[in-house]
Each structure stands twice: as C-alpha cells, then as structure tokens.
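S.K.: Given chain S, work out where chains Y and L should sit, using these hints.
Take a look at the letters that make up each chain.
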Amino acid sequence: MTHKHIMPFGLLAKIWLALLALTGVTVGVASVDLGYLNVLAAMAVASTKALLVVLFFMHLKYENRALGAFVILVFVILAIFIGFTFFDVAWRPEGGA
Amino acid sequence: MPSPGETVPFLDPYPGRSGILSWIFSTDHKRIGMLYLWSILTMFAVGVVIGVLMRLELIAPGRTIMGAQTYNAMFTLHGVVMIFLFVIPGIPAAFGNILLPLQIGAEDVSFPRLNIFSWWLYLTGAALAVTSLFTGGGPPDTGWTFYVPFSERTTTNVSLAVVAVFILGFSSILTGLNFITTIHRLRAPKMSWGKLPLFVWSLYATAWIQLLATPVLGITVALVFIERLLGIGLFDPARGGDPLLYQHLFWIYSHPAVYIMIVPAMGVVSDIIPAFARKSIFGYKAIAVSSLAIAFAGSLVWAHHMFTSGMSDTAVMVFSFLTFVVAIPSAIKVFNWVATLYKGSIYLEPPLLFSLGFIFLFSAGGLTGLVLGSAGTDIHVHDTYFVVAHFHYVIFGGTGFGLFAAMHFWFPKIFGRMYDRKLANASWYLLIGGFNMLYFPMFIIGLMGMPRRYYDYLPMYQTGHMVSTVGSWVLVAGLVTMFWGLSKCFHGPRTVGRNPWGAATLEWTLPSPPPHLTFLDPPDEVPSPYSYEGVKRDD
Amino acid sequence: MTEHHKDYLGDKFGMWLFLFTEILLFGGLFLLYSVYLHRYPAEFHQAGLELSRVFGTANTIVLITSSFTVAMAISALQQGRRVLCQGLLASTIVLAGVFMVNKYFEWSAKIGHGIYPGSPELVDGPGGTNIFFGLYYVMTGAHGLHVVIGAALLGFCMLRIGQGRVTADDFGLLENGGLYWHLVDLVWIFLFPLFYLIS
Chain S
850 MTHKHIMPFG LLAKIWLALL ALTGVTVGVA SVDLGYLNVL AAMAVASTKA LLVVLFFMHL
910 KYENRALGAF VILVFVILAI FIGFTFFDVA WRPEGGA
Chain Y
5 MPSPGETVPF LDPYPGRSGI LSWIFSTDHK RIGMLYLWSI LTMFAVGVVI GVLMRLELIA
65 PGRTIMGAQT YNAMFTLHGV VMIFLFVIPG IPAAFGNILL PLQIGAEDVS FPRLNIFSWW
125 LYLTGAALAV TSLFTGGGPP DTGWTFYVPF SERTTTNVSL AVVAVFILGF SSILTGLNFI
185 TTIHRLRAPK MSWGKLPLFV WSLYATAWIQ LLATPVLGIT VALVFIERLL GIGLFDPARG
245 GDPLLYQHLF WIYSHPAVYI MIVPAMGVVS DIIPAFARKS IFGYKAIAVS SLAIAFAGSL
305 VWAHHMFTSG MSDTAVMVFS FLTFVVAIPS AIKVFNWVAT LYKGSIYLEP PLLFSLGFIF
365 LFSAGGLTGL VLGSAGTDIH VHDTYFVVAH FHYVIFGGTG FGLFAAMHFW FPKIFGRMYD
425 RKLANASWYL LIGGFNMLYF PMFIIGLMGM PRRYYDYLPM YQTGHMVSTV GSWVLVAGLV
485 TMFWGLSKCF HGPRTVGRNP WGAATLEWTL PSPPPHLTFL DPPDEVPSPY SYEGVKRDD
Chain L
619 MTEHHKDYLG DKFGMWLFLF TEILLFGGLF LLYSVYLHRY PAEFHQAGLE LSRVFGTANT
679 IVLITSSFTV AMAISALQQG RRVLCQGLLA STIVLAGVFM VNKYFEWSAK IGHGIYPGSP
739 ELVDGPGGTN IFFGLYYVMT GAHGLHVVIG AALLGFCMLR IGQGRVTADD FGLLENGGLY
799 WHLVDLVWIF LFPLFYLIS
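Protein chains in written order, with this note's numbering: chain S, 850 to 946; chain Y, 5 to 543; chain L, 619 to 817.
Isolated chain S, as found in the complex (with noise of 0.2 Å):
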C-alpha cells in the first residue's frame, strides 16, 4: 500500500462536531415556521451534512478526480429522474390526476 493517507483523528472530531451543529441547526430552523422555505432550508442543511461526510468520512477529497465526477454524475442523474417527473406531476390538470 503506497498512497496511504490517514485522516488524523483531529480532522474527523472537527468534522463530527460540525455534523452535530448542524444537526442543531436544522432541527432549530424546523421550529420556526418559514412556510416553503422550510423545506428548503432543511434540505441546504441536508446537502451539507452530505458533503460532509462524502468528501471527508468517506474520504472523496483524496480520491483522484474521477471518482469525484462520477459521484456528481450520479446524484446529476437523480435530480434528473426527480426533476424531469415534475414536468408531468408539476403540469397536471387540476382534477386530472
């Protein structure tokens, strides 16, 4: 094993409590009423966690690029599949569903 890169434990704590905070962040958001902006807000916390946890616990910022452009690739396609569904759901006819 030539490329061993090892996460210090510091980095990882750093990042936990981040998660934490942002765990804090999230359920305090929730409990003012924000009407739709709620869920987005919850969903930009969401993201980040997500980052988070992608590019350090599970160490995709040290990985070479590739890998990177694939994992954006997918969640790409998964918006697409999400998204393009609006194009029928978000268009129905009222009372045509």
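Hints listed in this document are in silico derivations from the structure and should not be mistaken for laboratory results.
One or more of the hints may lead you astray.
As a list, the in silico DSBU-like pairs of lysine-lysine whose alpha-carbon atoms are at most 35 Å apart [to be verified]:
| no. | chain 1 | residue 1 | chain 2 | residue 2 |
| --- | --- | --- | --- | --- |
| 1 | S | Lys853 | Y | Lys194 |
| 2 | L | Lys624 | S | Lys863 |
| 3 | Y | Lys289 | S | Lys910 |
| 4 | L | Lys630 | S | Lys910 |
| 5 | L | Lys630 | L | Lys721 |
| 6 | S | Lys863 | L | Lys721 |
| 7 | Y | Lys199 | Y | Lys283 |
| 8 | Y | Lys194 | L | Lys630 |
| 9 | S | Lys910 | L | Lys721 |
| 10 | L | Lys630 | Y | Lys289 |
| 11 | S | Lys863 | S | Lys910 |
| 12 | Y | Lys194 | S | Lys910 |
| 13 | S | Lys863 | L | Lys630 |
| 14 | Y | Lys289 | L | Lys624 |
| 15 | S | Lys910 | L | Lys624 |
| 16 | S | Lys853 | L | Lys630 |
| 17 | L | Lys630 | Y | Lys199 |
Over 12 Å on every C-beta distance to chain S, these chain Y residues come out as not near it, computed from the model [said to hold, decoys possible]:
| no. | residue |
| --- | --- |
| 18 | Ala49 |
| 19 | Thr128 |
| 20 | Gly198 |
| 21 | Val338 |
| 22 | Lys347 |
| 23 | Ser378 |
| 24 | His384 |
| 25 | Val480 |
| 26 | Ala481 |
Fair warning: this is a prediction, and the values are worked out from it, not measured in the lab.
Using N, Cα and C, we set each Cβ at its ideal position, and we do this for glycine too.
M.R.: Relative to chain S, chains Y and L alone:
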C-alpha cells in the same frame, strides 16, 4: 516453460480439475461467459417456443389453440423470458464476459468471484421466474411491465415473479459494476482509452446504464411486492397514491434498458464491419462517444412510453422533443458503419451478413420509433401492433441479429472450429425473409388499429395475422438452420488458427480456443484495433 | 488457478460503484416522496407532527457518531492500532444497535396507535396522510435493513482484523465496510428532515 494453464484450451479440463463443478463454480471469465451463453440460448429457445405458440393462436380470429387467460400468461412469460433472461444479459454477460478481458489485455475481470455470483443470481432469478408459473395463483398475466393497479390486484403469482425480476436486476447490476471497474483498472498499460475496441466502449456505456438505471427497477418491483403484501396504496388513487408514478419509475429503468439491449449489439457490429471491409473504422471517436451519448440521452426520455397515460401535456411535449434528440447518436453510428463500408475491400462472410441485417432491421425499427416518439402520431398507434412491430425490429432485428453476428464472428475463436458457412448464409436469407414476413404485417395491422395483447381480433385483420404467423414458421426454419450450421463448432478436430478473419483486436492474437490463463502478463504491444496493415489471416 | 492480483484501488472503485446503485435505489423512493410532498404539503405537514422529533434527533446523533467512530477505526487501523480499531468498530456496532432499538420503540408506538401500513385508520383517512406514513414505513424500513446489513459487514471486518487478515497495510476491506456504513448515514441525513422536521 509455460504452465498447463497457459496451453490447455479453456474448454478442456484443467489438469486435475474436471466435471460440472469446474464450470459452475469457475471464476474464469471465459467459462462464466460460456455459462451465460448456454443459459441465454436456452431461454431464447423457451421464448421462441412461446412466441410461436402465440402466433399460432393468432392465425385465425377466435379461440384457436388457447383461451384468453392462457394467452395473457403467454405474452407475460414471453416478455419476461425474452427481456430479463435473454436480451438484457445477452451480449454483455455472454460475449462481454468472454471477450472484454481478452480485448483489453487483462487476465480476468476485476471481481471474478462476484462474476460467478452474478451468474448464480441469474440462475436463481430464472428458477424463480419459472416457479412462479406453477405455484400460487397461476402464471402472472400482467405483461412484462407489471403495471399497477392490475399487478397489485391480480390473484396470479405476480409476487414471486417480481422477486425474480429483482434478483435478475441485481445480477445485471453486478455485471455492470464488474465491467466498469475492469475497464478502468485492468487495461494493459499500453491500452489507452483511444485504443479500446468499440465493443469495449459499448460495454462500458452499457455497464453505466446497468449500474445506474437498474436499481430504480429494483425498488419499483419491490414496491409492487410490498403493495401486494401490505396494501399501503402508494400507487392507489383511492388511498392517495398516483398510479402514473409507477409508470414513471418503471420506465426510468425500462427505457434505458432498451439501450442495455441494443448498445452492445452496436459494439459487435462496429467490430465486425471494418474487419470485413479491410478498412479502418470511419469515425472511431464519434462511435465511441455516441455510445456514451446514447447512454446519457437514453436516460432522459422515459415518459415517451406514457403519452396516452394522462400525464401533463407539458411532459408530453418535453419527452417527445428529447426522444428525437436520442435518435441522433444512433444515426451517427449508422452513418459511420456505412461510411466504413464505402470503398472497402468487402468480403461477405456470415458475420458481415448478419451485421448488414442488423443495420437494415435496426434502421427500420429506429425510424418507426420516431413515429412513436412523436406525440401526435403516437396517440394513433399507441398500444397497437405498430408498437409490437417497432419493438421487435429494434430488439430482435437489432440485438438478436447483433448476437447472431457475434456468434458467427467469435465462435471460431471460442471453439477453435469453423461453422458451416453455407448453412450460415442460407439461414441468413431465411431469417431476414421470415423476420420481415413475421413483423412487417404488424406495422400495417397496427396502423389499421389492431390492439396488442389480445388473443382474438376482428376478421378485418386476418390477412395480416396469417402472413405473420406463416412468417414465424420461416423464421423458426431459419433459426434451426443457423444453429445446425453453428453446431459444427462443437465437435471434430480444432482446425481454426489464431485469426481466421484477419481482425486486428487483441483476442485474435491468442490461440483458438484461448487457454485457461490468458494475459498473465499484459501484452507488450497493443495494436490499433482497426488497422489491418500487416495483419495476417490465419485460418 | 493463480491467485488474483490484489487491486486496492479497483476494489475501492467497485465499492463506490455499488454505493451508486444504493443511492439510486433509495432515489426511486425519494422521487415518490418529492412528488407526494408537492401534492400534499398540508397533510405531510400535519402528519409530520405525529412523529417524535426527540426520537428522530437522537437517532440522527447516534448515526452521525457511529459514522465518526468508523472513520476513526480506519485511521486507527492504518496507524497499526489494532485494539483501538476493534474498540471503535465495536462501538459502531453498539450504536447501530441503539439506533435499531430506538426504531423499534418508535415503530411499536406508532403501530400501537393504529398507524401501520394498510391499517384502517390510514386507509380510510386522508390520502396524503396515508401516503406520508406509507413512505415513512417503506423508507425507514429499507434504511433499517441497511443498518443491519452494514453492522453485520462491520462485524465481519472485526473478525478479519482479529484473524490478522485485514491489517495496517491491507485495510481495503475495512475501508469499504466503512464506505457502506457512511452511505447508511448519508441516507438518514436526508430521511431525518423529510420525515421528522417537515411539520
């Protein structure tokens, strides 16, 4: 001093290991490919028999040899067997397994044990699919699409059938995973991306679709199972659900799945045509990139199967437009194949014949696909025999003929024996003739309004149905002739040399059949895959 | 035949590809969730109130912490600190157990109130509510299954480390087990706000 593994042909027992166990637990990609080959050909035979029986029922109006319920079970079974057990594993799992490592100069695939595990999953799925016919409430009668709400309500054994599909899906995913990793990690050091044979490029694109689209099918059929078990109502309007979402999820997989079926066949044809035109492939990069483009664009068009389902008009227009976009990369390939043939020094051997059959039938299927992709005309022909004809032109005429081409191209390499070329040529005429006689009338009766999936019809459609049924007999005669010719590969002395066609990809530098162990050390020199200068025929 | 050459990067790449399939498997469910949230915002809001935010938050903390311990376990193994690594893995598995026990109490409380898939209360009630809880059971159920599989996988890693077959120089298996575990965490990171904080 080479070890026995490097000299004994992989079809023969490795010293000290023989018998069935040395096959069904083999981790050798070539043997696993053979397991798949025999499995899919068996399933093909089953599917053909069912298809012929259905055609026989349809030779005259009214009940001929079976009733409505049996016919429903028949078309369901024909679809499930042909799609999930024959066409999808088809070329990638059989020829891909055998050839991918050889073509990139690798010793094996990245995960040999996972590879045999996928075959076992395939076998389990096949066994469960067959079991579903004889257990529970009788054979499933939903069609291979398992549309809700019927699939949730019917008393037939849909639950077991969807479990089978789930397992088959995972088999397909694991093959795709294996191939992507292999192509990324195990290419010979000098095998750059630009030197990959186009068959490998097509497998690569296919593998990505297998990997990213199949899980959606997995969760979809799992939901059908859960609904049958618990009755949550996720797709049931009476309980707040939306049945159209089932169709979205199903086609999010099943449209890309038609590219899982067709792209490997395109790869086969891309490898064969230059070898028999003695001319480097025209537009290597365009063909390679168009495979990836098909894989990507093919993921954007699924709802064109749903134009009449009641989804929003916006979606109809968007998906209709995108469908036309996906025709472009397919057309790029056809133009490049034709351009490769232009002014080539052509010798018309069976593999090239079948490839030309592919181009002709696939083009007919592809162009009629545009009739269906355009929302206005689709409304008229939706759920008619026009769709059945289109689909069979693309998948049987395309993938089927691609597989036949692959068999005639690579069987001499795999078995070390040549098939009967005269029979192969004769079978081609029977197959092309029978095929068009079987499926072309379906375009016409489809346009006249004959709906699909009925065991009975009005007398006005009888001529078309009768011609079609007779065509099915010609086609079967063609298949019998073809396999009769190919059976010459299975016995007798091995006389074929390393390179009977004078092709330039790496597998032709190996003995026929290849030994158990190949490319233990990666090859020093990697040829340009379509440069025939200095390539000697050795038959 | 000869032993297959070990390809550390290839193994890891293969694991990532497998995670992609998991993402898309759950993706199908997230698709359903998005569409139904769009259709029934009020009912989802109302139904979300019935889930215990305390349980949800506790389980989120448990899973995040377990992700942290598994990440540390990998670092510990790479540094050759085998005992520490085993301890961290054991705590990860314990946390997985805690998660599942929490889940058990949560589910049984709901079921006790007549809220379970296909229950008369849901089926005859408003459609949006039925769909919310239907998705809740399917998605957290699928996730729970992954928790169990992930914990088993980490247990297998512990075994292999104990046998000395996974070591400071050959840690690929543990790394891949860790990747799977992080995926389990990743899915929960999205499930938590969608079900527990939607109100």
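S.K.: Look at each hint and say if it fits the structure.
M.R.: Going down the list of hints, with the structure as the test:
1. S:Lys853 x Y:Lys194: holds (26 Å)
2. L:Lys624 x S:Lys863: holds (34 Å)
3. Y:Lys289 x S:Lys910: Status holds; Cα separation ~31 Å.
4. L:Lys630 x S:Lys910: Measuring from Cα to Cα gives roughly 14 Å; hence the hint holds.
5. L:Lys630 x L:Lys721: holds (31 Å)
6. S:Lys863 x L:Lys721: Between lysine 863 of chain S and lysine 721 of chain L the Cα gap is close to 28 Å, so the pair holds against 35 Å.
7. Y:Lys199 x Y:Lys283: holds (16 Å)
8. Y:Lys194 x L:Lys630: holds (23 Å)
9. S:Lys910 x L:Lys721: Holds, because 33 Å separates the two Cα atoms, which is no more than 35 Å.
10. L:Lys630 x Y:Lys289: holds (29 Å)
11. S:Lys863 x S:Lys910: Between lysine 863 of chain S and lysine 910 of chain S the Cα gap is close to 16 Å, so the pair holds against 35 Å.
12. Y:Lys194 x S:Lys910: holds (29 Å)
13. S:Lys863 x L:Lys630: The given pair, whose Cα atoms are some 25 Å apart, holds under the 35 Å limit.
14. Y:Lys289 x L:Lys624: holds (32 Å)
15. S:Lys910 x L:Lys624: Holds, because 24 Å separates the two Cα atoms, which is no more than 35 Å.
16. S:Lys853 x L:Lys630: holds (13 Å)
17. L:Lys630 x Y:Lys199: holds (25 Å)
18. Ala49: Fine: 36 Å to the nearest Cβ keeps alanine 49 of chain Y off the interface.
19. Thr128: Per Cβ check, threonine 128 of chain Y is outside 12 Å of chain S; nearest 28 Å; holds.
20. Gly198: holds (16 Å)
21. Val338: holds (27 Å)
22. Lys347: Lysine 347 of chain Y clear of chain S: closest Cβ-Cβ about 39 Å, beyond 12 Å.
23. Ser378: Since the minimum Cβ distance to chain S is about 17 Å, serine 378 of chain Y lies beyond 12 Å and the statement holds.
24. His384: Histidine 384 of chain Y is indeed farther than 12 Å from all Cβ atoms of chain S, at 21 Å.
25. Val480: At about 40 Å from chain S, valine 480 of chain Y clears the 12 Å cut-off, so the statement holds.
26. Ala481: At roughly 44 Å from the nearest Cβ of chain S, alanine 481 of chain Y sits farther out than 12 Å, so the non-interface label holds.
Consistency with the previously given hints is maintained throughout, with no hint failing.
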